[in-house]
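Given chain X's structure and the hints, the job is docking chain V onto it.
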Amino acid sequence: MGARCAPLPRHEAAAGGGAAARPRRSRDGGGGAAAAGGGGGGPAEGRLPSAMGRAMGLAGLLLGLLLVPAVLLSTSLGRGDPPPEPELELAEGPPAAGGVAAGEDSLWPLPQWLRTSRRQLQLAPDRFQVVHGAGSSAGPGCGLLQDAFRRYYEYMFGHSRWRSPGRRWPFVRRELSQLQVVIAAPEPGCDSYPRLASSEAYHLTITEPVAILKADEVWGALRGLETFSQLVHEDDYGSFLVNESDIYDFPRFAHRGILLDTSRHYLPLKSILTNLDAMAFNKFNVLHWHIVDDQSFPYQSIYFPELSNKGAYSYNHIYTPTDVRLVIEYARLRGIRVIPEFDTPGHTQSWGKGQKDLLTPCYNGEQPSGSFGPVNPILNSTYDFMTKFFKEISSVFPDAYIHLGGDEVSFDCWKSNPDVKEFMKEQGFGIDYAKLESYYIQKILDIVSSYNKGYVVWQEVFDNKAQLKPDTVVEVWMANNYAHELSSVTKAGFTAILAAPWYLDYISYGQDWKKYYSVEPLNFPGSEKQKKLLIGGEACLWGEFVDATNLTPRLWPRASAVGERLWSSSNVTDLQDAYKRLSNHRCRMLRRGIAAEPLFVGYCAHEARGW
Amino acid sequence: MAAARALLLLLAALGPAAAVWPQPLRQLSPPAAARCPLPPGRFRFSYAAGSAVGPGCAVLDEAFQRYRALIFGAARPAGEARGEGSGRGAPTLFGICAERVTVCGSPAGLETFSQLVGRDENGTYYVNETEIVDFPRFPHRGLLLDTSRHYLPLKAILQTLDVMAYNKLNVFHWHIVDDPSFPYESFTFPELSKQGAFNAMTHVYTASDVQAVIEYARLRGIRVIAEFDTPGHTLSWGPGAPDLLTPCYLGKDPSGTYGPINPILNSTYQFVTSLFQEVGAVFPDYFLHLGGDEVDFTCWKSNPQIRAFMEEMGFGEDYTKLESFYIQRLLDIISSLGKGYMVWQEVFDNGAKVRPDTIIHVWKNSPPYKEEMANVTKAGYRALLSAPWYLNRISYGQDWMAAYQVEPLDFTGSPEQKDLVIGGEACMWGEYVDVTNLAPRLWPRAGAVAERLWSNATVRNLQDAYVRLASFRCELLRRGVQAQPLFVGYCDHEFDGF
Numbered sequence: 004m005g006a007r008c009a010p011l012p013r014h015e016a017a018a019g020g021g022a023a024a025r026p027r028r029s030r031d032g033g034g035g036a037a038a039a040g041g042g043g044g045g046p047a048e049g050r051l052p053s054a055m056g057r058a059m060g061l062a063g064l065l066l067g068l069l070l071v072p073a074v075l076l077s078t079s080l081g082r083g084d085p086p087p088e089p090e091l092e093l094a095e096g097p098p099a100a101g102g103v104a105a106g107e108d109s110l111w112p113l114p115q116w117l118r119t120s121r122r123q124l125q126l127a128p129d130r131f132q133v134v135h136g137a138g139s140s141a142g143p144g145c146g147l148l149q150d151a152f153r154r155y156y157e158y159m160f161g162h163s164r165w166r167s168p169g170r171r172w173p174f175v176r177r178e179l180s181q182l183q184v185v186i187a188a189p190e191p192g193c194d195s196y197p198r199l200a201s202s203e204a205y206h207l208t209i210t211e212p213v214a215i216l217k218a219d220e221v222w223g224a225l226r227g228l229e230t231f232s233q234l235v236h237e238d239d240y241g242s243f244l245v246n247e248s249d250i251y252d253f254p255r256f257a258h259r260g261i262l263l264d265t266s267r268h269y270l271p272l273k274s275i276l277t278n279l280d281a282m283a284f285n286k287f288n289v290l291h292w293h294i295v296d297d298q299s300f301p302y303q304s305i306y307f308p309e310l311s312n313k314g315a316y317s318y319n320h321i322y323t324p325t326d327v328r329l330v331i332e333y334a335r336l337r338g339i340r341v342i343p344e345f346d347t348p349g350h351t352q353s354w355g356k357g358q359k360d361l362l363t364p365c366y367n368g369e370q371p372s373g374s375f376g377p378v379n380p381i382l383n384s385t386y387d388f389m390t391k392f393f394k395e396i397s398s399v400f401p402d403a404y405i406h407l408g409g410d411e412v413s414f415d416c417w418k419s420n421p422d423v424k425e426f427m428k429e430q431g432f433g434i435d436y437a438k439l440e441s442y443y444i445q446k447i448l449d450i451v452s453s454y455n456k457g458y459v460v461w462q463e464v465f466d467n468k469a470q471l472k473p474d475t476v477v478e479v480w481m482a483n484n485y486a487h488e489l490s491s492v493t494k495a496g497f498t499a500i501l502a503a504p505w506y507l508d509y510i511s512y513g514q515d516w517k518k519y520y521s522v523e524p525l526n527f528p529g530s531e532k533q534k535k536l537l538i539g540g541e542a543c544l545w546g547e548f549v550d551a552t553n554l555t556p557r558l559w560p561r562a563s564a565v566g567e568r569l570w571s572s573s574n575v576t577d578l579q580d581a582y583k584r585l586s587n588h589r590c591r592m593l594r595r596g597i598a599a600e601p602l603f604v605g606y607c608a609h610e611a612r613g614w
Numbered sequence: 004m005a006a007a008r009a010l011l012l013l014l015a016a017l018g019p020a021a022a023v024w025p026q027p028l029r030q031l032s033p034p035a036a037a038r039c040p041l042p043p044g045r046f047r048f049s050y051a052a053g054s055a056v057g058p059g060c061a062v063l064d065e066a067f068q069r070y071r072a073l074i075f076g077a078a079r080p081a082g083e084a085r086g087e088g089s090g091r092g093a094p095t096l097f098g099i100c101a102e103r104v105t106v107c108g109s110p111a112g113l114e115t116f117s118q119l120v121g122r123d124e125n126g127t128y129y130v131n132e133t134e135i136v137d138f139p140r141f142p143h144r145g146l147l148l149d150t151s152r153h154y155l156p157l158k159a160i161l162q163t164l165d166v167m168a169y170n171k172l173n174v175f176h177w178h179i180v181d182d183p184s185f186p187y188e189s190f191t192f193p194e195l196s197k198q199g200a201f202n203a204m205t206h207v208y209t210a211s212d213v214q215a216v217i218e219y220a221r222l223r224g225i226r227v228i229a230e231f232d233t234p235g236h237t238l239s240w241g242p243g244a245p246d247l248l249t250p251c252y253l254g255k256d257p258s259g260t261y262g263p264i265n266p267i268l269n270s271t272y273q274f275v276t277s278l279f280q281e282v283g284a285v286f287p288d289y290f291l292h293l294g295g296d297e298v299d300f301t302c303w304k305s306n307p308q309i310r311a312f313m314e315e316m317g318f319g320e321d322y323t324k325l326e327s328f329y330i331q332r333l334l335d336i337i338s339s340l341g342k343g344y345m346v347w348q349e350v351f352d353n354g355a356k357v358r359p360d361t362i363i364h365v366w367k368n369s370p371p372y373k374e375e376m377a378n379v380t381k382a383g384y385r386a387l388l389s390a391p392w393y394l395n396r397i398s399y400g401q402d403w404m405a406a407y408q409v410e411p412l413d414f415t416g417s418p419e420q421k422d423l424v425i426g427g428e429a430c431m432w433g434e435y436v437d438v439t440n441l442a443p444r445l446w447p448r449a450g451a452v453a454e455r456l457w458s459n460a461t462v463r464n465l466q467d468a469y470v471r472l473a474s475f476r477c478e479l480l481r482r483g484v485q486a487q488p489l490f491v492g493y494c495d496h497e498f499d500g501f
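As they're listed, the protein sequences go chains X and V. Each residue of the first sequence is one higher than the one before, starting from 4 at the first, in my numbering. Each residue of the second sequence is one higher than the one before, starting from 4 at the first, in my numbering.
Because the hints were derived from the structure by calculation, they are not lab data. Errors might be hidden in some of the hints.
As the list claims (entries may be wrong) - Stretches of chain X that chain V covers, calculated by requiring three or more beta carbons in the stretch to come under 8 Å of a beta carbon on chain V:
id: 1; region: 262-276
id: 2; region: 306-319
id: 3; region: 498-512
id: 4; region: 544-553
id: 5; region: 591-599
As the list claims (entries may be wrong) - A short list of chain V residues far from chain X (calculated; beta carbon distances all over 10 Å):
id: 6; residue: Pro42
id: 7; residue: Ala61
id: 8; residue: Phe75
id: 9; residue: Arg140
id: 10; residue: Pro183
id: 11; residue: Ser184
id: 12; residue: Arg221
id: 13; residue: Lys255
id: 14; residue: Thr260
id: 15; residue: Lys304
id: 16; residue: Ala311
id: 17; residue: Gly317
id: 18; residue: Asn395
id: 19; residue: Tyr399
id: 20; residue: Leu412
id: 21; residue: Glu419
Stated by the list, open to error - So the derived label-pair ranges between C-beta atoms look like this:
id: 22; chain 1: X; residue 1: Lys273; chain 2: V; residue 2: Ala55; range: 41 to 51 Å
id: 23; chain 1: X; residue 1: Lys313; chain 2: V; residue 2: Arg481; range: 17 to 27 Å
id: 24; chain 1: X; residue 1: Ala127; chain 2: V; residue 2: Gln214; range: 37 to 47 Å
id: 25; chain 1: X; residue 1: Lys313; chain 2: V; residue 2: Met404; range: 23 to 33 Å
id: 26; chain 1: V; residue 1: Arg38; chain 2: X; residue 2: Lys273; range: 35 to 45 Å
id: 27; chain 1: X; residue 1: Leu276; chain 2: V; residue 2: Asn125; range: 50 to 60 Å
id: 28; chain 1: V; residue 1: Gly400; chain 2: X; residue 2: Ser317; range: 23 to 33 Å
id: 29; chain 1: X; residue 1: Pro324; chain 2: V; residue 2: Asn125; range: 22 to 32 Å
id: 30; chain 1: X; residue 1: Gln579; chain 2: V; residue 2: Thr301; range: 23 to 33 Å
id: 31; chain 1: X; residue 1: Lys359; chain 2: V; residue 2: Asn125; range: 39 to 49 Å
The C-beta atom is built at its ideal place from N, Cα and C for all residues, glycine as well.
For reference, chain X alone in the conformation it holds in the complex (with noise of 0.2 Å):
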């Protein structure tokens, strides 16, 4: 992963360092690729490539345990015969459907690399902890992980009834008293923000008595630690189990975000935060916040406090600078970034009633028509007040990112105003009014970039040739032969991020998930090298048809099949065996209260439990 990220050095270097047993693999290289090929078929040892072998040899030497590739492990192990391993003390049958389901069977995103055994460890709550192990860069001072730590207790014991008293276990079991975790880099990130760069890698080691989770940051502890919990199961007397496993872990794109769009309805605080919380449970790690549009303006600014006063629905329909410090926090402590959208210079119409003469007049013959366009390119007034402007939301967001837009500017309204008609005379631009906004696209960059922020724009702005900084991010979302648009964003040099396949609010009747998950994002003509410019992806909710009472079982679990693509290898495409994993992870999200819809028939042990 690390050698995918060539323009981003910072990322390499910490996929470079870690866990022990880390293998380094290249794309295609494809780790379990090969083996994988043949979908249900054993462990083919003679078929892993190098990297892998390697990777297997060095896990056997520390665990004396045979490696299989995660791909395989549904078919191989826990199902039909058993591993060659002498100490079997319990023969699993397969779980009822929507029961409660081994650990394994519910992985989502599936791991990279996971080994797991049929011994199984027993957890008692009242005993088990989550620790900073011996050697840990992080301690008890580490607020992110001591709330996550707290977290995932609550998620894997939180549920259940087991401080009944007089509770007796049903077999003496192995247990699994702690879990242990280990922050390698010097500088753990407790108090620091995600960033592309971060190291999201993690190495959990589950033997009894205790087991390690080991990370170079925070973040891969985050990740890891939901694995974890993942893997933690209750059986029919209510023992909370784990099996003995061991998992190599890190993810195949570095940018895995979820789109809200807060403009077209507002979202109240609560569906934001929950959604949050549901990102993590899939381990994307961006919330690409589509913040203000054409509708409304929620966004309430400190320096123009008239966009919101005006924009926004009403009074009650904004964010205050509290409440983005709030999502802000919330998604830090859940390792994910938060990208705001300021669209410009298309998509604006609430603009126009809080901040006068943003908006390009639009004329009807002689006279303005009373409508309002695109932002004004041609006025230095509007160049004062974005350099403002995008000065506050460089500061009140702390990602290296802002998304600008730039998407469906339509021209008929520049078209039809003297003024810019005899400005693009001026300078030269003939009737090419494309040039005209790449012309103010060029000043925006300017600006922002004046913050030592980094951009995204939507693919327009690199279609229409205006000049980017070379790190700029091309977001492509254009369904129409998006892997042609990515041939070309990134042979020109520009990185790139992928929504095109991945627009949810395109509901259809059925399983659409699988159409999601059956996209392969660098299935596009190019280079090794362009190929690793693509940098990950977004599942995007448009918000036309969507607001608080619908937005999430709109969203879990498709987005869920978009994580998992973004996240595990390339080669974890089998659709049964995802629809396995996906409903029994959809279930665990239900137990934790996102209200998930189903992918069909069937049912949860613990139902949502309604309004």
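Quick look at chain V alone, frame taken from chain X:
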């Protein structure tokens, strides 16, 4: 149809704060309608002189209470009820019952009244003077919920009944069991849910759950029609009822799988008699829905005993005859229990002999449902339309419009035939629906069907409907219903019931 129409008369000093959904038949507002304040502290519902019913009519007594809470909400600012001394006195709502049974069974007028109440900037509740005469276009305005493909907790069903009442829907078609699970706890055959429910302890409807649903519905003027679909769609019945289902064969040997109900055994009919005796007694509505749809003949064809039976009966290779043979006996059993029945259209299509008062439920889109409506009514049977209203089939955009634009009587036929259309049902099948997404998927989309079935045929202007439905949806949010948006916009009270 006309005979079954309810007449509701609402006379009061009232006026529209917002438009009403579904739109009433006739509303007369004086040119300069006066605005009457509604002080929550003093306003009351009471029975008018001359009302056929009075205190003690549980349906209205409870409806009065319910609508007070709906109108004034739980959280009203303190002291807001003051400032009453001004001019006009607080109006009292008198329900004048033109027909006792109807009004006591259907407090729909109170719903209309509640939608007329507005609130001004000062927080004062008010209504404008108006007069409304209203009654439904069709007597059967239903909603189907499927509790077999996913279990719906009792609370979700009760909440749905609330919202049905807000939409003046009056039939809850409870598709309670099907292939995937059997959540109905039968006291005659307890093994059915013990073996057939997803979870015999948690994913079941106990007798008291069923009673709760029926009573909750009754108080809202809603009938509960239970569907026990046979002979197909019965896989979940099998584990708890040995020998009920047909064993399928692979060549000469039973394959271990089962097909539809076995129509050739006497034990089958004994079982069916006992079960429907129970169901007929538990569900007070005159009608039972007997299903009869989508019977797959593959398994019957594979079974040597069935083939022998076919020969005996002289059915040849026509398995629809066998299906009709079963259905015929089932219908006779139901008749003998003193119940009426509804069936899915295949029963009619396959030529089973049904009683003249049978209701044929039209659900298929091919052949076009208009043809089927014509055929069913031409044969003299009453028809119920669902084909264009499968709300589980979602798509991007404002699909409520398509549901809204359906005209149930738009088929070739005589006025007598049209009179045989008793209404329709919106269906929410459960393949992809459970408690997590039921409410936003249903509402306000089912509202489109509700207005089509309640309001005059001429009420079909989409723009006007959009405005009223969007505002009604906001009212639903205010009442705590998780109704999804029609399109871009906002409501003063957004949903916050996480």
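We went through each hint and held it up to the structure:
no., hint, result
1, 262-276, "holds (count 6)"
2, 306-319, "holds (count 3)"
3, 498-512, "holds (count 5)"
4, 544-553, "holds (count 8)"
5, 591-599, "holds (count 3)"
6, Pro42, "holds (26 Å)"
7, Ala61, "holds (26 Å)"
8, Phe75, "holds (21 Å)"
9, Arg140, "holds (29 Å)"
10, Pro183, "violated (5 Å)"
11, Ser184, "violated (7 Å)"
12, Arg221, "holds (22 Å)"
13, Lys255, "holds (30 Å)"
14, Thr260, "holds (17 Å)"
15, Lys304, "holds (26 Å)"
16, Ala311, "holds (35 Å)"
17, Gly317, "holds (39 Å)"
18, Asn395, "violated (8 Å)"
19, Tyr399, "violated (5 Å)"
20, Leu412, "holds (28 Å)"
21, Glu419, "holds (37 Å)"
22, X/Lys273 <-> V/Ala55: 41 to 51 Å, "holds (48 Å)"
23, X/Lys313 <-> V/Arg481: 17 to 27 Å, "holds (25 Å)"
24, X/Ala127 <-> V/Gln214: 37 to 47 Å, "holds (43 Å)"
25, X/Lys313 <-> V/Met404: 23 to 33 Å, "holds (32 Å)"
26, V/Arg38 <-> X/Lys273: 35 to 45 Å, "holds (37 Å)"
27, X/Leu276 <-> V/Asn125: 50 to 60 Å, "violated (34 Å)"
28, V/Gly400 <-> X/Ser317: 23 to 33 Å, "holds (26 Å)"
29, X/Pro324 <-> V/Asn125: 22 to 32 Å, "holds (31 Å)"
30, X/Gln579 <-> V/Thr301: 23 to 33 Å, "holds (24 Å)"
31, X/Lys359 <-> V/Asn125: 39 to 49 Å, "violated (32 Å)"
Hints 10, 11, 18, 19, 27, 31 from the earlier list are contradicted by this structure; the remaining hints agree with it.
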